[in-house]
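Protein chains: 2
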Amino acid sequence: MTSQLLEINQQYCLIDCGEGTQYQLLNLKAKTAKIDYIFISHMHGDHIFGLPGLLSSMSLLGRTKELYLIAPAELRDVLIAINRTSQASYNFPINFIETQDAYATQVLENEYFSVTSVPLEHRVACCGFIFREKKKKNKLLAEKLPKGFPFELMKELKEGKNVDWEEKEYLVEDYTAEPTAPLSYAFCSDTAYSENILEHINGVDMLYHEATFVESDIERAVKTRHSTASQAATIASKANVKKLVIGHFSIRYKELNQLLEEAQSVFPETFLAIEGKIFTV
Amino acid sequence: MTSQLLEINQQYCLIDCGEGTQYQLLNLKAKTAKIDYIFISHMHGDHIFGLPGLLSSMSLLGRTKELYLIAPAELRDVLIAINRTSQASYNFPINFIETQDAYATQVLENEYFSVTSVPLEHRVACCGFIFREKKKKNKLLAEKLPKGFPFELMKELKEGKNVDWEEKEYLVEDYTAEPTAPLSYAFCSDTAYSENILEHINGVDMLYHEATFVESDIERAVKTRHSTASQAATIASKANVKKLVIGHFSIRYKELNQLLEEAQSVFPETFLAIEGKIFTV
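Chains as they are written, first to last, in this note's numbering: chain A, 1 to 281; chain B, 1 to 281.
Incorrect hints may have been included.
Claimed, not checked - With a cut-off of at most 20 Å between alpha-carbon atoms, the simulated SDA-like pairs for lysine to any residue come out as follows:
{"hint": "1", "chain 1": "B", "residue 1": "Lys31", "chain 2": "A", "residue 2": "Arg252"}
{"hint": "2", "chain 1": "A", "residue 1": "Lys277", "chain 2": "A", "residue 2": "Thr32"}
{"hint": "3", "chain 1": "A", "residue 1": "Lys29", "chain 2": "B", "residue 2": "Ile251"}
{"hint": "4", "chain 1": "B", "residue 1": "Lys223", "chain 2": "A", "residue 2": "Asn91"}
{"hint": "5", "chain 1": "A", "residue 1": "Lys223", "chain 2": "B", "residue 2": "Leu60"}
{"hint": "6", "chain 1": "A", "residue 1": "Lys254", "chain 2": "B", "residue 2": "Leu26"}
{"hint": "7", "chain 1": "B", "residue 1": "Lys254", "chain 2": "A", "residue 2": "Ser57"}
{"hint": "8", "chain 1": "A", "residue 1": "Lys31", "chain 2": "A", "residue 2": "Lys277"}
{"hint": "9", "chain 1": "B", "residue 1": "Lys254", "chain 2": "A", "residue 2": "Leu26"}
{"hint": "10", "chain 1": "B", "residue 1": "Lys254", "chain 2": "A", "residue 2": "Tyr23"}
{"hint": "11", "chain 1": "B", "residue 1": "Lys34", "chain 2": "B", "residue 2": "Gln10"}
{"hint": "12", "chain 1": "B", "residue 1": "Lys243", "chain 2": "B", "residue 2": "Asn202"}
{"hint": "13", "chain 1": "A", "residue 1": "Lys254", "chain 2": "B", "residue 2": "Leu60"}
{"hint": "14", "chain 1": "B", "residue 1": "Lys29", "chain 2": "A", "residue 2": "Ile251"}
{"hint": "15", "chain 1": "A", "residue 1": "Lys31", "chain 2": "A", "residue 2": "Leu69"}
{"hint": "16", "chain 1": "B", "residue 1": "Lys223", "chain 2": "A", "residue 2": "Gly62"}
{"hint": "17", "chain 1": "B", "residue 1": "Lys223", "chain 2": "A", "residue 2": "Tyr90"}
{"hint": "18", "chain 1": "A", "residue 1": "Lys155", "chain 2": "A", "residue 2": "Tyr170"}
{"hint": "19", "chain 1": "A", "residue 1": "Lys223", "chain 2": "B", "residue 2": "Tyr90"}
{"hint": "20", "chain 1": "A", "residue 1": "Lys135", "chain 2": "A", "residue 2": "Glu159"}
{"hint": "21", "chain 1": "A", "residue 1": "Lys254", "chain 2": "B", "residue 2": "Lys29"}
{"hint": "22", "chain 1": "A", "residue 1": "Lys242", "chain 2": "A", "residue 2": "Thr280"}
{"hint": "23", "chain 1": "B", "residue 1": "Lys147", "chain 2": "B", "residue 2": "Leu171"}
{"hint": "24", "chain 1": "B", "residue 1": "Lys223", "chain 2": "A", "residue 2": "Leu61"}
{"hint": "25", "chain 1": "A", "residue 1": "Lys223", "chain 2": "B", "residue 2": "Ala88"}
{"hint": "26", "chain 1": "B", "residue 1": "Lys238", "chain 2": "B", "residue 2": "Leu198"}
{"hint": "27", "chain 1": "B", "residue 1": "Lys31", "chain 2": "A", "residue 2": "Ile251"}
{"hint": "28", "chain 1": "B", "residue 1": "Lys223", "chain 2": "A", "residue 2": "Leu60"}
{"hint": "29", "chain 1": "B", "residue 1": "Lys223", "chain 2": "A", "residue 2": "Gln87"}
{"hint": "30", "chain 1": "A", "residue 1": "Lys223", "chain 2": "B", "residue 2": "Gln87"}
{"hint": "31", "chain 1": "B", "residue 1": "Lys135", "chain 2": "B", "residue 2": "Gln106"}
{"hint": "32", "chain 1": "B", "residue 1": "Lys254", "chain 2": "A", "residue 2": "Leu60"}
{"hint": "33", "chain 1": "A", "residue 1": "Lys158", "chain 2": "A", "residue 2": "Val172"}
{"hint": "34", "chain 1": "B", "residue 1": "Lys223", "chain 2": "A", "residue 2": "Ser59"}
{"hint": "35", "chain 1": "A", "residue 1": "Lys223", "chain 2": "B", "residue 2": "Asn91"}
Claimed, not checked - Which bits of chain B does chain A cover? Going by a derived footprint, with three or more residues having C-beta under 8 Å, they are:
{"hint": "36", "region": "51-57"}
{"hint": "37", "region": "71-81"}
{"hint": "38", "region": "84-90"}
No lab work stands behind these hints: they were computed from the structure. Here a beta-carbon is modelled for each residue, glycine too, at the ideal position from N, C-alpha and C.
Same shape as in the complex, but just chain A:
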């Protein structure tokens, strides 16, 4: 089952929602109430069967805050069919943003980050998602400021404005430091090997790319429109990403090291997406 929880400056995005996601979030002590954005790559059950339950639970637990649901249009049909038959509805508004798989397009933008959907190549319409932090504000060097320095002026300094206080000028360059570079994360699953995504994911700090099979099972990968570990690593290498996380492994492999080693032989900075594991981009 696929599901990832992505935190960007205390904004929480859930990416895909396989069955049992809500229980696993509970086990990992992640608060579902904090999730404001849910991204769904495609309509296969291992990516969506946890969503009806998660949405119901959010509603039962008292959510009233709007939720952004970025997903294939067909998902709406399924949710409507479920709610109609159970005579249920959610106690919070859903802002439904339809993805489409004809071309890459920005699907979300807020104060902290923007998200672009990118068509992948799978058996059904499927999109990857690229999350990009916006340029951050300067870091305030608070320890250099005198006691009692007004909070409002601190904000202005962070925003890059020189300020005057008690007959002294405080320059941005003296009292702030450059912010850390904005980070980027790309989620690409499920997909066959596709160089079409390279231009979109080029240089991202972290790429999650599915690696369902090992290279010796490439016929299965081609037939089912999935990738091998070696193909995932090739994409990572060609796209000049900084780190690669592979996942969505076929249950046929009891030993995941073969997938890791295969990918690392092409792209050394590869890691396995293991249940419950936390990565810092």
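On the provided structure of chain A, position chain B as indicated by the hints.
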């Protein structure tokens, strides 16, 4: 979440299928391949959200054997919507038997047992299910038979026919014992207190009846069309059942003993339906 696995003479019935049921079956080492009958009481998510995933997994794991799905007609709409959008289908036939909540009716009968659906009183159409074993064959007293006694004749004795072998007559009354009495199990959830079910469940060996609330929260029970522990026990008592299992407890109760004690004060032979617990009828 509600789900129960009922075994009757190595026939496996799943009753309701909340999210995560397939994983819990896996944890409990119950083989989903052996399940030939799935009963769904009603369309609320805590009783059905595990079904799409279970059916997909059955198909992926190679099932070709027919599955009986005894459920509200609306469930078909949901499964069709899901399969259409995911462009998936099951590799096994589903024999869909629609329940209806206007009156009690037999929904299934096979060699070993029959099942009657009984209308319950909930916020949406909802049925309970009563499982009755058929009269079993006589028990063969094999130790009394001579060596080499033909297997075919053993079968006839079990079926209640006297047989001749090597110039001797073998009487049913000498070589078989009466079978154990056929057992019965009633599943009644979700439902408000309803004496309409009494005639149908009268005398069953085991009754599962929901007990969402304690009696002091009876207003909530009435409003949400659920039962209190005391009401479940009253039904058990009035229906002269042998044992009562209560479940479907509201998450508001951290301590389930209060529900058990409340029910036992009315009907002593009450037990709690706890995750993973196995009862013998």
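Going down the list of hints, with the structure as the test:
A C-alpha spacing of about 18 Å is found between B/Lys31 and A/Arg252, which places the hinted pair at or below 20 Å, so the restraint holds. This hinted pair checks out: A/Lys277 and A/Thr32 have alpha carbons roughly 17 Å apart, not beyond 20 Å. Of the supplied pair hints, the one linking A/Lys29 and B/Ile251 holds, its CA atoms being roughly 17 Å apart against a limit of 20 Å. Only pairs whose Cα atoms come within 20 Å are accepted, and B/Lys223 paired with A/Asn91 is accepted, the gap being roughly 18 Å.
For the suggested pair A/Lys223 and B/Leu60, the alpha carbons sit about 15 Å apart, so the restraint of at most 20 Å is met. Under the criterion of a C-alpha separation no larger than 20 Å, the hint pairing A/Lys254 with B/Leu26 is consistent with the structure, at around 17 Å. At roughly 18 Å between alpha-carbon atoms, B/Lys254 and A/Ser57 fall within 20 Å of each other, so this suggested pair holds. Under the criterion of a C-alpha separation no larger than 20 Å, the hint pairing A/Lys31 with A/Lys277 is consistent with the structure, at around 16 Å.
Straight-line distance between C-alpha atoms of B/Lys254 and A/Leu26 comes to about 17 Å, which keeps the hinted pair within the 20 Å bound. Simply put, B/Lys254 and A/Tyr23 have alpha-carbon atoms about 18 Å apart, close enough for the 20 Å limit, and the pair holds. Distance hint between B/Lys34 and B/Gln10 is fulfilled; the C-alpha atoms sit about 9 Å from each other, no more than 20 Å. For the suggested pair B/Lys243 and B/Asn202, the alpha carbons sit about 12 Å apart, so the restraint of at most 20 Å is met.
For the proposed pair A/Lys254 and B/Leu60, the alpha carbon gap of about 17 Å is at most 20 Å, so the pair holds. At roughly 17 Å between alpha-carbon atoms, B/Lys29 and A/Ile251 fall within 20 Å of each other, so this suggested pair holds. Under the criterion of a C-alpha separation no larger than 20 Å, the hint pairing A/Lys31 with A/Leu69 is consistent with the structure, at around 17 Å. With a C-alpha separation of about 18 Å, the suggested pairing of B/Lys223 with A/Gly62 holds against the 20 Å cut-off.
Only pairs whose Cα atoms come within 20 Å are accepted, and B/Lys223 paired with A/Tyr90 is accepted, the gap being roughly 19 Å. Distance check on the hinted pair: A/Lys155 and A/Tyr170 sit about 12 Å apart at the alpha-carbon level, within 20 Å; holds. In summary, the hint linking A/Lys223 to B/Tyr90 is supported, as the alpha carbons are separated by about 19 Å, within the 20 Å threshold. Between A/Lys135 and A/Glu159 the alpha-carbon distance is near 11 Å, which keeps this suggested pair within the 20 Å criterion.
For a cut-off of 20 Å, the pair hint linking A/Lys254 to B/Lys29 stands: about 18 Å separates their Cα positions. Pair hint A/Lys242 plus A/Thr280 holds up; C-alpha atoms about 12 Å apart against a cutoff of 20 Å. Taking the CA atoms of B/Lys147 and B/Leu171, the gap is about 17 Å. The hint holds against a cut of 20 Å. In summary, the hint linking B/Lys223 to A/Leu61 is supported, as the alpha carbons are separated by about 18 Å, within the 20 Å threshold.
Simply put, A/Lys223 and B/Ala88 have alpha-carbon atoms about 15 Å apart, close enough for the 20 Å limit, and the pair holds. About 7 Å separates the Cα atoms of B/Lys238 and B/Leu198, which keeps this hinted pair within 20 Å; it holds. At roughly 17 Å between alpha-carbon atoms, B/Lys31 and A/Ile251 fall within 20 Å of each other, so this suggested pair holds. Between B/Lys223 and A/Leu60 the alpha-carbon distance is near 15 Å, which keeps this suggested pair within the 20 Å criterion.
For the given pair, B/Lys223 sits about 16 Å from A/Gln87 by alpha-carbon distance, which is consistent with the 20 Å threshold. With a C-alpha separation of about 16 Å, the suggested pair A/Lys223 and B/Gln87 falls inside the 20 Å cut-off, and the hint holds. Pair hint B/Lys135 plus B/Gln106 holds up; C-alpha atoms about 17 Å apart against a cutoff of 20 Å. The suggested pairing of B/Lys254 with A/Leu60 holds, with an alpha-carbon distance near 18 Å, which does not exceed 20 Å.
Our distance criterion of 20 Å between C-alpha atoms is met by A/Lys158 and A/Val172, whose separation comes to about 8 Å. Between the alpha carbons of B/Lys223 and A/Ser59 the distance comes to roughly 18 Å, so the proposed pair stays at or under 20 Å and holds. As the CA atoms of A/Lys223 and B/Asn91 are separated by approximately 18 Å, the hinted pair is consistent with the 20 Å bound. A count of 3 residues in the region 51-57 of chain B with a Cβ less than 8 Å from any Cβ of chain A is obtained; the coverage claim is therefore met, three being the minimum.
Only residues whose C-beta sits within less than 8 Å of a C-beta in chain A count toward coverage, and the region 71-81 of chain B has 6 of them, enough to reach three; the restraint holds. With 5 residues having a Cβ less than 8 Å from any Cβ of chain A, the region 84-90 of chain B passes the three-residue criterion, so the hint holds.
In terms of the numbered hints stated before, the structure departs from none.
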